[in-house]
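Below, each chain spelled out in residue letters.
2 protein chains.
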Amino acid sequence: MQIKVKLNDSNSTRVSAEALQKQLTSIFAAVGCSDRHADIAAKVLLAASVRGVDTHGVSNVVGYSRSAEDGTYTVPQKTEIINESSTTALVSACNGIGLISAYEGMEIAIDKAKSHGLGMVSIKDGHHVGMVGYYASMALDHDMIGMSMTSAVPAVRPALGGKKMLGTNPIGFAAPAGKERDFFLDMATSTVASGKIGLAHRIGAPIPAGWAVTANEGAAIIDPPNGENDSWALNPLGNTREQGSHKGYGLAVLVDIMCGVLSGGGYSASLDRGQNMTWVMAVDISRFRPVDDFKSMMDEMISELHSTPTLPGFDGVLVPGDPEADAMQDRLSRGVPVENSQYVAIKQRALELDVDVVI
Amino acid sequence: MQIKVKLNDSNSTRVSAEALQKQLTSIFAAVGCSDRHADIAAKVLLAASVRGVDTHGVSNVVGYSRSAEDGTYTVPQKTEIINESSTTALVSACNGIGLISAYEGMEIAIDKAKSHGLGMVSIKDGHHVGMVGYYASMALDHDMIGMSMTSAVPAVRPALGGKKMLGTNPIGFAAPAGKERDFFLDMATSTVASGKIGLAHRIGAPIPAGWAVTANEGAAIIDPPNGENDSWALNPLGNTREQGSHKGYGLAVLVDIMCGVLSGGGYSASLDRGQNMTWVMAVDISRFRPVDDFKSMMDEMISELHSTPTLPGFDGVLVPGDPEADAMQDRLSRGVPVENSQYVAIKQRALELDVDVVI
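Top line first, the protein sequences correspond to chains A and B. Per our numbering, residue 1 is the first one in the first sequence, and the count goes up by one each step. Per our numbering, residue 360 is the first one in the second sequence, and the count goes up by one each step.
Since the hints were derived computationally from the structure, they do not count as laboratory data. Here the structure is a predicted model, which means the values were calculated and not measured. Please note that the accuracy of each hint is not assured.
To be verified - With a straight-line cut-off of 27 Å between C-alpha atoms, the simulated DSSO-like cross-links for lysine-lysine are:
1) B:706 with B:381
2) B:522 with B:402
3) B:473 with A:114
4) B:437 with B:473
5) B:381 with B:437
6) A:179 with A:295
7) A:114 with A:78
8) B:706 with B:365
9) A:4 with A:295
10) A:163 with B:402
11) A:295 with A:6
12) B:381 with A:163
13) B:522 with A:179
14) B:522 with A:295
15) B:381 with B:365
All chains should be built: construct the whole structure from the sequences, respecting the hints.
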């Protein structure tokens, strides 16, 4: 089941990526971000919108810029290296905008991988980083493999448990292809991301059994709950014991370890709302084998996966990254559809901050 | 549902870990392994049995030693570094016994992590490595985080697809705790490991819908199929589109990329039966923060997870590594139960090779 607001000509407005980048940059700058940081934050949000991940896209500039203004986020911000070696860094996001600290964390990882083959950065004192896969994908321009993870306050129950103890703790992974599209995975370790429940509630759509359960009984929830509270929990990927809930749960803890325990920022259940720890890694492919050979084999693999016979009712087998690449192709040429109320909200936010409206 | 042969006093024999180690070492030595390699191969198989992972345990000495004898595996073997940097290595397993090449690959990763913080090794020309999590767990003795993956010939369908295109491509991950038990994850990226279907067939137990489907119709299989063929496929973790099959599928491809494409050994669908590519990583925790602080936070996290209220019908929330630690406690003190027919088979194999029977 796809729970998605289908954006169309009547409920959304197409805006060019260039105009959105300019608008978002000016808003972030108006709340105190440096020019470079404003540009980064805008770029990361725009990248999500361009890839069709609207929940993590441009509309978030409103909330992020408010948090910067009211002091929830510390802006202007720095990305402070607390401890580093040739290949590793422990970084403090210094309570800044998460998008910027994760971006700069991945820049550090890529630099280290350029010099030493691998780079790994664990980031504490952080906030929401948006679409976590973005940071993994930064490796692609450098012919590297990228990996990224981020933790959050509890939304997901452990296997066998009834109480939220883990964030949706998503994992991003990107590896470059040659002629084919790059491989790009961006997945919550829960059955679905939290945003889908909220969206289903807003649009009045039922949710399928398996996404969420009541906390005490473990009864499947069909009527999407309103807001976060302890009466319900998302299921870990796998859902039931029989279908492998210990695997989604295990991956969520893995993310907590790399993001929260390795950084010292704290695991999901110890975080305050709005706190997020992040981990990124870059791997220089050329240290293993010639990049062209790697990409050729990626092409072969991707092409074979695309040619897999489908189960009845499906058009074709996708490779992770296909939906994002399809959206990108459409949105870069025809403009990025911004849902009308969000379009208005972004413009209002610009006016509030006395910034030129350019969208 | 637990599909497991319950070993008890009538269907199995308890053998001391020491005797098993000695017996397996002598068998591996008798087929041409060096003393060091024979010891390693025995140790890895025994470790699986001690942890209760009997499918990957001591009984496999029979098959592995036959493959060494008939030339399927090249023994004596070497682990050849083809390409390396301070932090990375591309390694050829030289068609040797997989247990040994994966072990030596992880030794290389740990050495590199000692010197440079991180170590990553991708291993081609390899064979079955047994319990993949073992290699991740080798990091624990060095106060490191370990991660491991291995690929195999297709057994699992991609999301939306009907044909087997991916191995069960499991992931291992281990991180040290202080007073609590170490975190240890060892999971196939399919709903269940292949071995469970074969076991269910042998013991005549039905399997739950969601584990496997018919290739053309995608109909749930309840009657476990006999052997590997193209008429059926395992489901990726998540099972259906609605429940996140693209996530299990995406993780399986991630494993293929790190093991098969990064090493150049080939992705699942390009492998011949019996070929397995492997990837390992070691992360020196002390480069990020003091190890004791890391372990204390691991303890807190694990303790909180254990205290999660359960859903009705369950005794307590487990943390990945608990079942293995429970089995280890029992089996190291009371002996390792070896299913009777396997016990006989190991002894017969020793006699065939003119090796003293010590179990």
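(message) Of the numbered hints stated earlier in the document, which are not met by this structure?
(response) The structure breaks hints 2, 9, 10, 11 and 12; every other hint is satisfied.
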